[in-house]
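Engineer: Residue numbers (this note's numbering), protein chains in the order written: chain A, 1 to 589; chain B, 1 to 201.
Some hints could be false.
Keeping only pairs whose Cα atoms sit at most 20 Å apart, straight-line, the calculated SDA-like set for lysine to any residue is [unchecked claim]:
#: 1; chain 1: A; residue 1: Lys473; chain 2: A; residue 2: Ala484
#: 2; chain 1: A; residue 1: Lys232; chain 2: B; residue 2: Asn183
#: 3; chain 1: B; residue 1: Lys127; chain 2: A; residue 2: Leu264
#: 4; chain 1: B; residue 1: Lys127; chain 2: A; residue 2: Asn281
#: 5; chain 1: A; residue 1: Lys32; chain 2: A; residue 2: Asn281
#: 6; chain 1: B; residue 1: Lys127; chain 2: A; residue 2: Val262
#: 7; chain 1: B; residue 1: Lys80; chain 2: B; residue 2: Asp186
#: 8; chain 1: A; residue 1: Lys232; chain 2: B; residue 2: Ala126
#: 9; chain 1: B; residue 1: Lys127; chain 2: A; residue 2: Thr41
#: 10; chain 1: B; residue 1: Lys127; chain 2: A; residue 2: Gly230
#: 11; chain 1: B; residue 1: Lys127; chain 2: A; residue 2: Lys165
#: 12; chain 1: A; residue 1: Lys194; chain 2: B; residue 2: Met178
#: 13; chain 1: A; residue 1: Lys232; chain 2: B; residue 2: Asp186
#: 14; chain 1: A; residue 1: Lys165; chain 2: A; residue 2: Tyr197
Negatives, chain A to chain B, calculated, CB over 12 Å [as the list claims (entries may be wrong)]:
#: 15; residue: Arg123
#: 16; residue: Glu150
#: 17; residue: Cys236
#: 18; residue: Arg288
#: 19; residue: Gly461
Listed below are several chain B residues computed to face chain A (Cβ distance under 8 Å; list not exhaustive) [as the list claims (entries may be wrong)]:
#: 20; residue: Ala88
#: 21; residue: Gly123
#: 22; residue: Glu125
#: 23; residue: Asn133
#: 24; residue: Asn134
#: 25; residue: Cys135
#: 26; residue: Gly175
#: 27; residue: Asn176
#: 28; residue: Leu177
If you're looking for bench data, these hints aren't it; they were derived computationally from the structure. The beta carbon of each residue, even a glycine, is placed where N, CA and C say it ideally should be.
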Amino acid sequence: MAQRLKEVDVVVIGVGMVGSILAKELAAAGYKVVGLERGSTRFTVPEFQSPGIHDELRFDVRKALMQDNTREPVTFRNNTSQTGLPVRRWESFLPGTGLGGSMVHWNGQTFRFQANDFELATRTRERYGKGFLDPDLTIQDWGVTYDELEPHYDRFEYLLGTSGKAGNLKGQIQPGGDPHESPRSRDYPTPPQKEHYSGALFRKAATSLGYHPFPQPSSNLSQPYTNPEGLKMNTCVFCGFCERYACEHYAKSTPQTFILPVLLANSNFELRTGCQVQRINLDSTKKRATGVTYIDNAGREFEQPASLVITSLFAINNIRMLLLSGIGKPYDPGTGKGVVGRNYAYQTMSTVASFFDEDVIINPFMASGASGTMINDYAGDNFDHSGLGFIGGAFIGAVNTNGRPIQYHPTPPGTPAWGKGWKDAVVKHYNHTIMFSLHGSSTSQKQNYADLDPTYKDAWGQPLLRITFDFPKNDLKMAEYVTARGVEIGKAMGAKQVVGSPRKGPYTTQIYQTTHNTGGTVMGNDPSTSVVNRYLQSWDVPNVFVIGASVYPQNASWNPTGTLGALTYWVADALKNKYLKNPGHLVST
Amino acid sequence: MKHLLGTLILLGASAAQSAQGAAPPAEAAACQACHGAHGEGMVDGDKPRLAGQSAFYLDKQLRDFASGARDNAIMSAIAKGLNDQTRAKLAAYYAALPVPAPLEHKAPTAAQAQRGHQLALEGAEAKRVQACNNCHGPDGSGVALSAPALAGQLAPYLAAQLKSWQQGSRKNDAGNLMSSVANRLDDADIAAVTAYYASLE
Numbered sequence: 001m002a003q004r005l006k007e008v009d010v011v012v013i014g015v016g017m018v019g020s021i022l023a024k025e026l027a028a029a030g031y032k033v034v035g036l037e038r039g040s041t042r043f044t045v046p047e048f049q050s051p052g053i054h055d056e057l058r059f060d061v062r063k064a065l066m067q068d069n070t071r072e073p074v075t076f077r078n079n080t081s082q083t084g085l086p087v088r089r090w091e092s093f094l095p096g097t098g099l100g101g102s103m104v105h106w107n108g109q110t111f112r113f114q115a116n117d118f119e120l121a122t123r124t125r126e127r128y129g130k131g132f133l134d135p136d137l138t139i140q141d142w143g144v145t146y147d148e149l150e151p152h153y154d155r156f157e158y159l160l161g162t163s164g165k166a167g168n169l170k171g172q173i174q175p176g177g178d179p180h181e182s183p184r185s186r187d188y189p190t191p192p193q194k195e196h197y198s199g200a201l202f203r204k205a206a207t208s209l210g211y212h213p214f215p216q217p218s219s220n221l222s223q224p225y226t227n228p229e230g231l232k233m234n235t236c237v238f239c240g241f242c243e244r245y246a247c248e249h250y251a252k253s254t255p256q257t258f259i260l261p262v263l264l265a266n267s268n269f270e271l272r273t274g275c276q277v278q279r280i281n282l283d284s285t286k287k288r289a290t291g292v293t294y295i296d297n298a299g300r301e302f303e304q305p306a307s308l309v310i311t312s313l314f315a316i317n318n319i320r321m322l323l324l325s326g327i328g329k330p331y332d333p334g335t336g337k338g339v340v341g342r343n344y345a346y347q348t349m350s351t352v353a354s355f356f357d358e359d360v361i362i363n364p365f366m367a368s369g370a371s372g373t374m375i376n377d378y379a380g381d382n383f384d385h386s387g388l389g390f391i392g393g394a395f396i397g398a399v400n401t402n403g404r405p406i407q408y409h410p411t412p413p414g415t416p417a418w419g420k421g422w423k424d425a426v427v428k429h430y431n432h433t434i435m436f437s438l439h440g441s442s443t444s445q446k447q448n449y450a451d452l453d454p455t456y457k458d459a460w461g462q463p464l465l466r467i468t469f470d471f472p473k474n475d476l477k478m479a480e481y482v483t484a485r486g487v488e489i490g491k492a493m494g495a496k497q498v499v500g501s502p503r504k505g506p507y508t509t510q511i512y513q514t515t516h517n518t519g520g521t522v523m524g525n526d527p528s529t530s531v532v533n534r535y536l537q538s539w540d541v542p543n544v545f546v547i548g549a550s551v552y553p554q555n556a557s558w559n560p561t562g563t564l565g566a567l568t569y570w571v572a573d574a575l576k577n578k579y580l581k582n583p584g585h586l587v588s589t
Numbered sequence: 001m002k003h004l005l006g007t008l009i010l011l012g013a014s015a016a017q018s019a020q021g022a023a024p025p026a027e028a029a030a031c032q033a034c035h036g037a038h039g040e041g042m043v044d045g046d047k048p049r050l051a052g053q054s055a056f057y058l059d060k061q062l063r064d065f066a067s068g069a070r071d072n073a074i075m076s077a078i079a080k081g082l083n084d085q086t087r088a089k090l091a092a093y094y095a096a097l098p099v100p101a102p103l104e105h106k107a108p109t110a111a112q113a114q115r116g117h118q119l120a121l122e123g124a125e126a127k128r129v130q131a132c133n134n135c136h137g138p139d140g141s142g143v144a145l146s147a148p149a150l151a152g153q154l155a156p157y158l159a160a161q162l163k164s165w166q167q168g169s170r171k172n173d174a175g176n177l178m179s180s181v182a183n184r185l186d187d188a189d190i191a192a193v194t195a196y197y198a199s200l201e
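With the rest of the complex left out, here is chain A (with noise of 0.2 Å):
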């Protein structure tokens, strides 16, 4: 039997990026809030210091910072005739657990979407025509624009203190910058890291055929900042240590650098750790929410009853969250009818591999993990599709994010697999091969989705999320056309062997892509198709809010986090302005 709390204003179930800056949001205006994260607390000092937080073994190969998949897993399967499967080794992406969340072990790349991105579906039958889309895919407009969000943007960039270098100043192309970049009201707080040989490498292949290369956003900061909460943060030291490591030192901006501080020392705040939040609770008329419900650590059950109920989850687990809860209509793939689950979507990467010679010194062990020179020039929609037979992009990069020994070893295709040649090749290309990222976007198809799964469940009795996943004919096509475009950078920068690896179906868990896993839960302005509206308020129960990568209805070209910390701040300023002052739907239905 549930032992039932003193009720709250609010329950912010997941204390990472969005838990945290809402919580913070919400306990300053004066309301009580309490937040429930599943895992431990951690801060800097002393958890994420050396040399114990360079161990490669354990956390990134045997990734320590990730949930706990022996207890908590999801099933997977490429399609419907498929039996899903539990998920016992993350590879493919890797959702964080703990204080923080999975920002803590991030790369610290901070992109805004484009204009573009968030009206998809209406701008792509503008441009190409009605009859250019594959019929399968299921892409739309997102309810919010690009200039409802820029304030929002630039707010969650000068939480984090992002190094970078403007390209559109409100709508002024601006030298060394982006120019494909929907406008910005001011530029980056920090000044960008500095640039890689590599990078200059690029930079000056990527010229050399007529592109506009600009230095990656990055939030692993290029000198010391102190953020409008008033702390402080230190300058990157290039360690290499960034993505599925914690930062060492206070300068890679995640939770417990700009922002824990300042929520744990606000009274109207009660963290509590190690409690598995179960279910989200409603009354009888399953239109309102009357708390959550969750077991503790020492496996005692909790009824934590709030006015307002905060799902501020990684994606697939806020997909989770509403299911478990009955919250909105789940998704049936055969009638094409309900929502929760629908447009699942990920991230469709690829990779260009240029191998020099021995007088070509990379370094790639000097990285942190956002440095890098990138174009635009193939993301989005900032070429034309016509007679290409596909919609999205992929930015090219020449990102060093790491050059560390047990996991960073290129060598050309041909080299044997171990043995003394495998050897003999790592050594031979370690220190003389550029990888380029080419980071795309993916859209949602009909055949794509999340629910539960009919006989896995967790260590708690409840059934396990079930992804169904394959990538969209559309978005291989797309791969398959940008990877060509970084081979011929590649050469461009004078390599020896160019090697272009573009993403090939089917998709398989077993190999790390990237942790951008989206959709599910999507936003827009339709209840027929969304599980939100543009505020991220739940269309069936307005006293839950859902906020997290799983409100895309489809994923751009670009990392999801500067996008979802716009949407958090825009999301904050609704509840602040609108919805507390007088509870209900903030969108008629």
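Fit chain B to the known structure of chain A by using the hints.
Structural biologist: Coordinates of chain B only, in the frame set by chain A:
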């Protein structure tokens, strides 16, 4: 194996030679007055030990004294008089000298030893200061091409440097890292962490 053995013998021989103080470059005479006959530093005042510090680091400091990135009236006058070749020769000479036993120093109090150890190995979350050893290597042993050794360095020198970072008279670090850290330490922290490092072998 034979080749390896030969190398070891050679290394041993050169270390022995340096230990006897054989053949310092003539230009080292100017250094010895303050930094000691064997680069061991001087307890009285803030003249650091040079012996065993990396050649890259020593060479860079001399260049920074000359350019003003590191402010010290005596050293900047001396450094301005050195050409590239002499500077490199001196740096290599001191880098090759064996690390002497720590000079006589004031032992840290128990509280200082504890706080110093904490700052060195773990850092201080309340002040957002990361562990010194993250960059300065295990037990402050230094990381060539990056951060100098702190172990066995003289406490008055280390304290003077932290003050210089705070005051901005020393600004030759990458990314203002040392000024960021130093500005978050108070006098008690500085006394503790410098006494701790001075006490390490």
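Engineer: Would you mind marking each hint as holding or not holding in the structure?
Structural biologist: To see whether the hints hold, each was checked on the structure:
1. Lys473(A) to Ala484(A): OK: Lys473(A) and Ala484(A) at ~17 Å, within 20 Å.
2. Lys232(A) to Asn183(B): Holds, at roughly 11 Å.
3. Lys127(B) to Leu264(A): holds (15 Å)
4. Lys127(B) to Asn281(A): violated (41 Å)
5. Lys32(A) to Asn281(A): Given pair Lys32(A), Asn281(A) holds - Cα atoms ~19 Å apart, limit 20 Å.
6. Lys127(B) to Val262(A): holds (13 Å)
7. Lys80(B) to Asp186(B): violated (34 Å)
8. Lys232(A) to Ala126(B): This hinted pair holds, its Cα atoms lying about 12 Å apart.
9. Lys127(B) to Thr41(A): holds (18 Å)
10. Lys127(B) to Gly230(A): Given pair Lys127(B), Gly230(A) holds - Cα atoms ~13 Å apart, limit 20 Å.
11. Lys127(B) to Lys165(A): violated (30 Å)
12. Lys194(A) to Met178(B): holds (18 Å)
13. Lys232(A) to Asp186(B): holds (16 Å)
14. Lys165(A) to Tyr197(A): The hint holds at about 19 Å.
15. Arg123: Consistent with the label, Arg123(A) stays out of reach of chain B, its closest Cβ about 41 Å off (over 12 Å).
16. Glu150: The claim holds: Glu150(A) sits with its nearest Cβ about 30 Å from chain B, beyond 12 Å.
17. Cys236: The assertion about Cys236(A) is violated, with a minimum of 7 Å to chain B.
18. Arg288: holds (41 Å)
19. Gly461: holds (37 Å)
20. Ala88: Not OK, violated: Ala88(B) not within 8 Å of chain A, min 22 Å.
21. Gly123: It holds, given that the least Cβ distance between Gly123(B) and chain A is near 4 Å, below 8 Å.
22. Glu125: At 4 Å from the nearest chain A Cβ, Glu125(B) passes the 8 Å test, so the hint holds.
23. Asn133: With a closest approach of 7 Å, the Asn133(B) hint holds.
24. Asn134: Nearest chain A Cβ about 4 Å off; hint holds.
25. Cys135: holds (7 Å)
26. Gly175: Constraint on Gly175(B) satisfied, holds at 3 Å.
27. Asn176: At 5 Å from the nearest chain A Cβ, Asn176(B) passes the 8 Å test, so the hint holds.
28. Leu177: Status holds, d = 6 Å.
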